[in-house]
Structures are given as C-alpha cells and as structure tokens.
Amino acid sequence: MLEDQRSARASLGLDGFNLFVANIQTGFGPFIAVYLSSQSWTQTSIGLALSIGTVSSMASQVPAGALVDLMPNKTRVAAFSVLTFMVSALMFAIHPIPLFVYFAEVLHGISSCTLSPAIAAMSLVIAGRFGMGLRLGRNARYAAIGNGVGAALMGACGQYVSERAVFYLTAALTLPALFTLLPLRRAAVAGAELRPARRLPGEQRTHYWRVLADRRLMIFCACAMLFTFANAPMLMLISGTLTAKGTNPSLLIAACIVLPQIIVALASPAVGRCAERYGRRAILMLGFSMLPLRCLLFAATQNPTLLVAVQAFDGIAGACFGIMVPLIVSDVAGRTGHFNLSLGAVGFGIGIGGTLSTPAAGWLADHFSTRTAFFGLMAVGAAAVLLVAFAMPETRPRKEADDAEKPP
Amino acid sequence: MSRRAARERLAAARAMVLLVSLASAGCAGLRPNHPPAAQTVQEPAREAQPRTTQVDTPVSDKAVSDKAVSDKAVSDTAMSDEHVGVKPMGDAAQTQAVATSTKPSTAGTLATPPCTCAEAKPKPRPRTKHKHVRKAAPAQLSTAPVVAETAPGGTVVAEVRSMPVSVVSILGKRVRGPKGEDLGRVVDVLADASGRVRIAIIDFGGFLGVGNHRIAVDWPLLRFDPSSAEAPLVLSVNVEQLRTAPAYKDNPRPQTLMEPDAKAPPSTDPAPEPKK
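Protein sequences appear in the order of chains A and B.
Take the first sequence: its letter number 193 is residue 193 in this note's numbering, and every next letter is one higher.
Take the second sequence: its letter number 228 is residue 228 in this note's numbering, and every next letter is one higher.
Because the hints were derived from the structure by calculation, they are not lab data.
All residues carry an ideal CB built from backbone N, CA and C; glycine is no exception.
A portion of the hints provided could be inaccurate.
What the hints assert, rightly or not - Straight-line distance between alpha carbons at most 30 Å, and here's what the computed DSSO-like set of lysine-lysine pairs gives: (1) B:Lys179 / A:Lys245; (2) A:Lys245 / B:Lys249; (3) B:Lys249 / B:Lys179.
Said to hold, decoys possible - Incomplete in silico selection of chain B near chain A, CB under 8 Å: (4) Pro164; (5) Val165; (6) Ser169; (7) Val187; (8) Gly206; (9) His213; (10) Pro226; (11) Ala229; (12) Arg243.
To be verified - Over 12 Å on every C-beta distance to chain B, these chain A residues come out as not near it, computed from the model: (13) Ser7; (14) Tyr35; (15) Ser38; (16) Ile46; (17) Val62; (18) Arg76; (19) Glu163; (20) Leu175; (21) Arg185; (22) Leu252; (23) Arg273; (24) Ala282; (25) Leu293; (26) Leu356; (27) Gly362; (28) Phe375.
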C-alpha cells in the first residue's frame, strides 16, 4: 500500500534525522571552548561566548515552542533549523572572530530550540498519539547512536586533523540530515489532516495559559528541573576524578561519554514499550532513581574502571528521561494546540536546572570535596524521585479513550 | 591604626588612578590576541617614580613618612585581594616591584596593558611638575622590568618601530612534554605586580572539552624553541605531576606547579626538571 510505504519511509527518515542531528549537536558541545582556546581566545571571551549561547537558548525556549506551534509544516522548521546549524558551524570554522562566534552562538541557541519541538511534532504526526512511546524510543535510540558516533568522530578529528576540522565536519553533517528529511516532507503533507495540534478538526485551540498551568505539566517541569540539576554536573565531577586518578584520562572520559549512549541505544525501544504498558510514572521512577544510586556509587569508589562502569546507570536514566519528556508533554498537551509551547516550557525548566547546577556543584567540590558534591547532588536527585512518587500523576491516556480518538 | 587607614586610602587612590590610566590607554590591552608581527607600538619607557609619587602625595604628607611602609603599601595594593591561605608564589621581585601594579584580568579587576617590556630609557616626560618627589625611589626600580604605561590623564609620544627580537603569540600555543606527548594548550598568562610574566595557565587533558583541567605552571618551567615560532612549548615535568596538580583557582596567589626552590631564572637548557 502506498500509504504504508510512505509512512515506513518517513519513519526511517526520522531515524536518520535523529542520528545526524545528534552528530551535529556533539560538535556544538563543550568542545567549542577547546577550539576557541586554540584560536588564541582569552578565557574571558570564551566564557562570554558560551554564556551568550546559554542565554539565547534559554530565552528562546518558550517563544520558539510557540512559534513552532504556529507553523503548519514542521518539516520545514526542522530543515531551516539544520541549515542554521550549518551556517553557525561554518562561522566557527571559517572565521572565529568574536562577532561571528557570538552570532553563531545565538543562531545555534535559537535553532536548537526550534529543532527539538519540531522533531517531537514530526514524531507525533508519524506515530500518532498512541504510538508515541514507541516512536520516541526509536528517536532516542538513533539520537544516542548519533551522539556516540559523533563523539568518536569528532574526538578523532580534533586529535588527528585539527580543532577547526571538527566544525567543518559538523557543517558537512548537516547535508545528510537535510537529505533524511525528504521522505518526511511528503509524510507531513500526507498527514496534514491528522494534525496533532488540534483536538478535533473544527475545534478551537485551548487557551495557552490553561495548558501551561496544567498541574501535571507543572509538577513534571519541577521534576525535570531537579533531575537535570542533579544530573548535569555529574560528568564534570567524574572527569575531574578521572583526570587525577586514571592512567589515560582522555580515553576514560571518552568512555564515560560513549558508554551511556550505547546503553540508551540498546534500552530505548524497550523503555518506550514499557511506558505504553506500565505507564509513565513507573518509567520516570526507574530513571530518576538511577541518579541517587549513581551518586552513592561515585562517592563510594575512586577506582577509574568502576567509575566508568557506573556510567551505565546514566544510560538507563538518560533513556528514561529522554523519552519521558516529549511523551509526558504529548500526553498533557498533545491535542491542545500548544504541544511545542509546553515542550519549550519544560525545556526552559531543564535549562535552568542545568545552568544553575554546574556552578553549584563546582562550588561544593572546591570548598568541601568532590564526595560532598556527590552527596549534595544525591539529595537533589532523591528529591526528584520523591516528587515523582508523591506528586506526579499518571499521564498515560486511557485505553477507553483509544477508540474514540483514534483516527479512522 | 591611622597607618592602616592611610594605607587603605592609598590603595583606593591607586586603584582609581589605574582605572583612569587604563581607560586612557584605550582598548589596546583588551584585544584577545597580539599578532606576532614585528611592528609594535613602543612607548618610550620612563621611570614610573613620578606617577607613584603623584599617588603617594596626600599620604606622604600626613602619616607615612617611612619609605619602607610606603613601599609595602604599594606592593600590598597589588595583592590587595583577599589572601586565601595558599602558598605565596613570590620572591624578591614581589617586594621590590613598584613600577606598576597592573594584573591580568583573570586575577583581578584590571586588564593587562600591552606588555612591551622595553629597556628603561629615562626620557624626559612632558609633564614633570610634581611637588613631592620621593627620594631614592629610582634606585630600586632598576631591578624590576619597567612596563610602559600611559600616564594618568596624559599621553607620551610613542613611535612605531620593528621589534628588535622576534616574538611569538603565547595564547593557544600547544604544550608538549619532554617526550613529545601532548599536554594541552596555554590558555592564559599571568604576570606579577611588576609586569613580569610568572605563570602560564595550561588547559590539560579532557575529551571534546569535557574534563579539562586548568593548571598554573611556573613560567620558567616552559622552554621555548628559539628556532621556530610554530614549535610547541616544552614543559619539562612528569605528566603524572601535571595530572595530580590542583586545578587553577582564580585567586591572586594561585597554587602553582614550580621547581622546588622556584628561584631559578628562565634558562634555555632543556634538561628535565627534578621530579617531585
């Protein structure tokens, strides 16, 4: 059947798109600081450039989500965001003067904020509301593969070619990403009548304030913020320990980055299935409780090999969290017309958690010890678990509603 | 007590004067990198003593008649940030150096002026009308390298000439170990109160920017290759020592990886340092 073929190809296209986007995003990570140092940038200017990136992505989360809601064609939004990535990578690579770098950081910050809602929205179009868990599992799997492969590729590129070459590679990787969007373009047009943003074809949008003030969304946002607060500085703390204790720190740190991605790639589809079968809360509890466990183990051991092994738990947590964010938001806001706005709001909470936590954990590690920092993060992670356990309601849509809402 | 108060006032006054002088120096010192080109704007160096005197004037009138105390006040000004109980990294130059008290921007609030360490050529300054001239000040200045600096509220006649020696850009330069292993890059250079370069901050280790470790290394530990400007610097320490060294913290007297006695002048001898 033509329709089935199309949707299968669209599904494959989305897999590939997730993979390449994750590849690209690796290039825009903390590596920028290394690259700019190699270009004789001062620490102050580098700090400014990175802060500009953080601020612009934080500031554009919610507006970008609202903007994506208004755009009828999410594939076009995705293509445009990826093109912007290319421009920004080329600006880094060709001429890293302050003006260009700052501008590239702003471009990247904004287009990241339009890209992830666009991917989630395309997933919703392709899979429908009830296949969303499975679809997001696949997304997470390919994104994890992309992250792992990207880290390996770019690490090798930076080591053996040059720091600058990493950004040319990043720019080049946008081309296959655009290519994978081609089948999606047709799917988006074909699926236009089952646009997920509307409750029913003729119905009005819910007022955005009612969506944002939804109790489930607010509690989840708080959970996500606490989790990210506790999770974000872990890698920094571990790599500090590894640098001091390990025999080959760079390799160990690379392992700490890649190992969780492998676990995410392996576990994601199962996590997506379980989310549909056992509900969101169970998966959220599972993923969040990995974090205090990890903190405890890190505080208990200094052995480099064990530290890397414990990172496997990060893979489980990452798979659960990465799938639950768009899934729960789609449960809450999937049919209100404000799906992307809500995703942006949760993204904003996550951003705040991530931005505040690294300095906080660094302060604890400096003034007390790395172990104290781990215990501090453990407390925050445990708070996130408790919040899920006692406040977070189940958001999985009930099966009875299935038949009523399922498109014919 | 009044001495302490006077010293504090002196510190405040000096800070103000430095801010003004930096502002008048324009943006020359704020560029991220100085190209290693031969053309360098060289200010004719002059003795810094009249400027110091200008600042000292109100104080030396009242409380501080003792030169030693005054000198201490000046050097204290340079280190006036809180002392965080770390190993002081100074030696004789620290107490003698009074030519200027600028510090690199990472260690304080002021930016380094373009550090053209010219020979001290006492040219007559345009404005030398100062009532109070401290005695015996120039004698001690001769030991410290003099940093050219624009006078507060005035300019000196600068001229453009080629630099007599070839120079290299330090920021972003690769650092290798004695066996050629990659030790990272120089990401900052810190000078002491006299403008003499004391510390290189080396960004060490990590993967794709994760887990980097910034370490303060005593400047004399770095060896330069005089034959090539492209060649990486050589840091003659054990990788193990670099790995276990504490990360650089932004404070005026950072924990620094240095030779055990740390008094040796920079030498070009590439012999490895004694370990530990």
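Hints versus structure:
1. B:Lys179 / A:Lys245: holds, 21 Å
2. A:Lys245 / B:Lys249: Distance of about 20 Å is within 30 Å: holds.
3. B:Lys249 / B:Lys179: holds, 28 Å
4. Pro164: violated, 23 Å
5. Val165: Violated: closest Cβ of chain A sits about 20 Å from Val165 (chain B), beyond 8 Å.
6. Ser169: Check passed: Cβ of Ser169 (chain B) comes within 6 Å of chain A, closer than 8 Å.
7. Val187: Where the cut-off is 8 Å and the nearest Cβ of chain A is about 5 Å from Val187 (chain B), the hint holds.
8. Gly206: This hint holds: Gly206 (chain B) lies near chain A, its Cβ roughly 6 Å from the closest one there, short of 8 Å.
9. His213: holds, 5 Å
10. Pro226: violated, 21 Å
11. Ala229: violated, 13 Å
12. Arg243: holds, 6 Å
13. Ser7: Its Cβ never comes within 12 Å of chain B, the nearest being 36 Å, so this holds.
14. Tyr35: It is violated; Tyr35 (chain A) is separated from chain B by about 8 Å at its closest Cβ, not greater than 12 Å.
15. Ser38: violated, 5 Å
16. Ile46: violated, 8 Å
17. Val62: The claim holds: Val62 (chain A) sits with its nearest Cβ about 28 Å from chain B, beyond 12 Å.
18. Arg76: Consistent with the label, Arg76 (chain A) stays out of reach of chain B, its closest Cβ about 31 Å off (over 12 Å).
19. Glu163: violated, 10 Å
20. Leu175: holds, 22 Å
21. Arg185: holds, 33 Å
22. Leu252: violated, 8 Å
23. Arg273: Nearest chain B Cβ is 32 Å from Arg273 (chain A), so the label holds.
24. Ala282: holds, 32 Å
25. Leu293: holds, 22 Å
26. Leu356: Answer for Leu356 (chain A): holds, closest chain B Cβ roughly 19 Å.
27. Gly362: Violated, since 10 Å does not exceed 12 Å.
28. Phe375: holds, 20 Å
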